[in-house]
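Given the sequences, and given the hints that come with them, work out the whole structure.
There are 2 protein chains.
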Amino acid sequence: MDYETPQFFRVMQYAAGADRDVVDMVSGNPDWEPPEALREGLRDYADGDVSEFQYPPSVGLAELRTEIAERRGVDRSRVIVTNGAGEANHLATTGALEREGGGSELIMTDPVYPYYAGRANLLDADATYVPVDETGQLDPADVRAAASDETAAIVVNSPNNPTGAVYPPETVEALVAVAEDHDAVLVADEVYDHYDFTGAFESALAADSDHVVATNSFSKTLAVTGLRVGYAVFPPEDGPLGDLVERARTRHMIQNVTGSRPAQAAVLRALRETPPEYYERNRERLRERIDRFTDALDRAGAEYTTPGGSFYVMARFDGFPGTMENVERLIDEAGVAGMPGEAFGESRGDWIRFALVTPRVDEAAERLADYLG
Amino acid sequence: MDYETPQFFRVMQYAAGADRDVVDMVSGNPDWEPPEALREGLRDYADGDVSEFQYPPSVGLAELRTEIAERRGVDRSRVIVTNGAGEANHLATTGALEREGGGSELIMTDPVYPYYAGRANLLDADATYVPVDETGQLDPADVRAAASDETAAIVVNSPNNPTGAVYPPETVEALVAVAEDHDAVLVADEVYDHYDFTGAFESALAADSDHVVATNSFSKTLAVTGLRVGYAVFPPEDGPLGDLVERARTRHMIQNVTGSRPAQAAVLRALRETPPEYYERNRERLRERIDRFTDALDRAGAEYTTPGGSFYVMARFDGFPGTMENVERLIDEAGVAGMPGEAFGESRGDWIRFALVTPRVDEAAERLADYLG
Numbered sequence: 001m002d003y004e005t006p007q008f009f010r011v012m013q014y015a016a017g018a019d020r021d022v023v024d025m026v027s028g029n030p031d032w033e034p035p036e037a038l039r040e041g042l043r044d045y046a047d048g049d050v051s052e053f054q055y056p057p058s059v060g061l062a063e064l065r066t067e068i069a070e071r072r073g074v075d076r077s078r079v080i081v082t083n084g085a086g087e088a089n090h091l092a093t094t095g096a097l098e099r100e101g102g103g104s105e106l107i108m109t110d111p112v113y114p115y116y117a118g119r120a121n122l123l124d125a126d127a128t129y130v131p132v133d134e135t136g137q138l139d140p141a142d143v144r145a146a147a148s149d150e151t152a153a154i155v156v157n158s159p160n161n162p163t164g165a166v167y168p169p170e171t172v173e174a175l176v177a178v179a180e181d182h183d184a185v186l187v188a189d190e191v192y193d194h195y196d197f198t199g200a201f202e203s204a205l206a207a208d209s210d211h212v213v214a215t216n217s218f219s220k221t222l223a224v225t226g227l228r229v230g231y232a233v234f235p236p237e238d239g240p241l242g243d244l245v246e247r248a249r250t251r252h253m254i255q256n257v258t259g260s261r262p263a264q265a266a267v268l269r270a271l272r273e274t275p276p277e278y279y280e281r282n283r284e285r286l287r288e289r290i291d292r293f294t295d296a297l298d299r300a301g302a303e304y305t306t307p308g309g310s311f312y313v314m315a316r317f318d319g320f321p322g323t324m325e326n327v328e329r330l331i332d333e334a335g336v337a338g339m340p341g342e343a344f345g346e347s348r349g350d351w352i353r354f355a356l357v358t359p360r361v362d363e364a365a366e367r368l369a370d371y372l373g
Numbered sequence: 001m002d003y004e005t006p007q008f009f010r011v012m013q014y015a016a017g018a019d020r021d022v023v024d025m026v027s028g029n030p031d032w033e034p035p036e037a038l039r040e041g042l043r044d045y046a047d048g049d050v051s052e053f054q055y056p057p058s059v060g061l062a063e064l065r066t067e068i069a070e071r072r073g074v075d076r077s078r079v080i081v082t083n084g085a086g087e088a089n090h091l092a093t094t095g096a097l098e099r100e101g102g103g104s105e106l107i108m109t110d111p112v113y114p115y116y117a118g119r120a121n122l123l124d125a126d127a128t129y130v131p132v133d134e135t136g137q138l139d140p141a142d143v144r145a146a147a148s149d150e151t152a153a154i155v156v157n158s159p160n161n162p163t164g165a166v167y168p169p170e171t172v173e174a175l176v177a178v179a180e181d182h183d184a185v186l187v188a189d190e191v192y193d194h195y196d197f198t199g200a201f202e203s204a205l206a207a208d209s210d211h212v213v214a215t216n217s218f219s220k221t222l223a224v225t226g227l228r229v230g231y232a233v234f235p236p237e238d239g240p241l242g243d244l245v246e247r248a249r250t251r252h253m254i255q256n257v258t259g260s261r262p263a264q265a266a267v268l269r270a271l272r273e274t275p276p277e278y279y280e281r282n283r284e285r286l287r288e289r290i291d292r293f294t295d296a297l298d299r300a301g302a303e304y305t306t307p308g309g310s311f312y313v314m315a316r317f318d319g320f321p322g323t324m325e326n327v328e329r330l331i332d333e334a335g336v337a338g339m340p341g342e343a344f345g346e347s348r349g350d351w352i353r354f355a356l357v358t359p360r361v362d363e364a365a366e367r368l369a370d371y372l373g
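One line per chain: the protein sequences are A and V, in this order. Okay, so the first sequence: first residue is 1 according to the numbering used here, each after it adds one. Okay, so the second sequence: first residue is 1 according to the numbering used here, each after it adds one.
Do not rely on the hints blindly, as some may be mistaken.
Pairwise CB distance ranges, derived in the manner of DEER restraints [unchecked claim]:
# : chain 1 : residue 1 : chain 2 : residue 2 : range
1 : V       : E273      : A       : G239      : 47 to 55 Å
2 : V       : P131      : A       : D44       : 42 to 50 Å
3 : V       : V50       : A       : M324      : 24 to 32 Å
4 : A       : E170      : V       : D183      : 15 to 23 Å
5 : V       : D208      : A       : D149      : 47 to 55 Å
6 : V       : D183      : A       : N121      : 21 to 29 Å
7 : V       : D49       : A       : R76       : 30 to 38 Å
Covered stretches of chain A, going by a simulated chain V footprint (3 or more residues, C-beta under 8 Å) [stated by the list, open to error]:
#  : stretch
8  : 79-90
9  : 116-129
10 : 259-267
In silico contact screen, one side only, chain A against chain V (beta carbon under 10 Å); selected entries [as the list claims (entries may be wrong)]:
#  : residue
11 : P34
12 : L42
13 : Y45
14 : G199
None of these hints come from the bench; they were simulated from the model. On a predicted model such as this, the values are computed, not experimentally measured, just so you know. Glycine is no exception: its CB is placed at the ideal position from the N, C-alpha and C atoms.
Next up, the structure:
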């Protein structure tokens, strides 16, 4: 499978070129407001001193790193601010692959977030995909069966894109144990941590293991995918995998020098001043959308997974597999754009992923129920 | 030599910890105002629609790419907006090294901009350094003598950091010919193109060769090193090295997803609305600083190169070589912080680089003249 040109763009272009009104449920861009403090932070930055327009430290603004470290309960030296979670995952994965005496295999899930698979291709790593069950849950025993001393990293994402699964703490702990037993790294991408509807989500950092890198970003949390502020928390420098953070600092410096400062300043302001109600409101909005959308899927006679977290519902329609061709038909004939399941791997070829980050969820649901019901 | 932790940070930390007032002539951060339109662009962005806070296209905002393409006289498909010139150089260099049947050698100059050397280390490339002459000029015949079919890329920087040399068009044309003759890529980093005092600077794009990648950024041009907006212009897609741009798009997407949107929006606004006087004023300011600083170096009995471009003056003081130890002495005893020449390679070990991006150039010059004169 060719993960090198993510199909997001193909589908979005097709939808944009359609000869009718289309509800966009393709990409994971929040459609709600960023916090007011974030806009305030950008305005203040615009009026700031000349020196604030110059390079921030390569690892990120010190105050932002402190704020992150305190929230995550880790030493600041473990935190690198990155150009979104994309770069955080890149630094963590390349670091794991470059360890001396380490393996060349990346274990991922099927379905997989396409960027992970694309990264495995780019880095010429051996990619192993462990299928999840129908509800999106990953059985750590399957990961243990796949793992070996050739395993450099296990890359997981919970709350999950595309399945919406939230791995229970036992799963994460068991995955940490697999990583430890094979001297590998568990890369835990937790960008949807603020969109957990189960109340059971726990960060992989809770395991307090030297074999975990947790990655995250403010893209989804603060509804600012375009700002590109993320971070990774690496194992402590004085531990057995202490070289990972040093390696990541070097790569970050060579490939990006540093991240964008106005974005970092705005995120810092937002973290400090945004009340808990902001996050709760966005969760509640998604919960309501999920209810309404899955009701319509019931009317359409579809199978689907009710997400425990993240922004997505995967659905399967009888006799209408999730191929690119059918996704295009859905755009043209029903006016709803989703992502073909085949874009995420073998196991979800029959499914279509719908992103609930549009105010037009009801309309889309009605259209699907009418067209496929 | 260990280029992996650029010595900028060591020197800056030492200067910050000094027990006295120190004039910082270490890093290349402009100390003058960004254009007013850039601040305006950030303010407007802060007040923008929710959708503007979401992912820009991976290759950069379409309007910004159009603006760049028109200014450079190239097709827009050749332009990728990057996280500063750092990422542009990274994409160009990795792309050259990954070409099928291509070489594994990078030819650079000595002295070298430390990030290029650090990148060669990180990518495990064979690094060959071609010494420049006392004035900083590169003899293309030396590059031709060093080049072979193992050469993947020749990486140059003009106007140059650290020497201040501006390569004449004949040099650049001859370097292009070497790249063409060995099926290699000339990576021409032109971030100081707006700080040419010779009037003779010409972009490597003028050669109209399929073997050139020109990299650039707005960091120095618009005095915004912290915004991280740069770009690379790759060879045309339908030419013999047409795969470079596709490869770069993929790597950029995998490692960064996309760049920061407020920074791109602000740069676009600045490009459209900033009058030519802004750039001329900054050049003039630097010209004056160079005159005053080199006058003081004369009084100190130092040898130096008068820069044809960029922000830097390299100087050599009799019996006072540019080691880290002497740089620290200069901080403690004269109150002036420069960069040790040895940070840039073998050939400038005796020299110290002074960055003229401080309003306190006169003061620093007096201190040097007093201490070393």
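Hint compliance check: list the failing hint numbers for this structure, sorted ascending. Failing hints, ascending: 4, 14.
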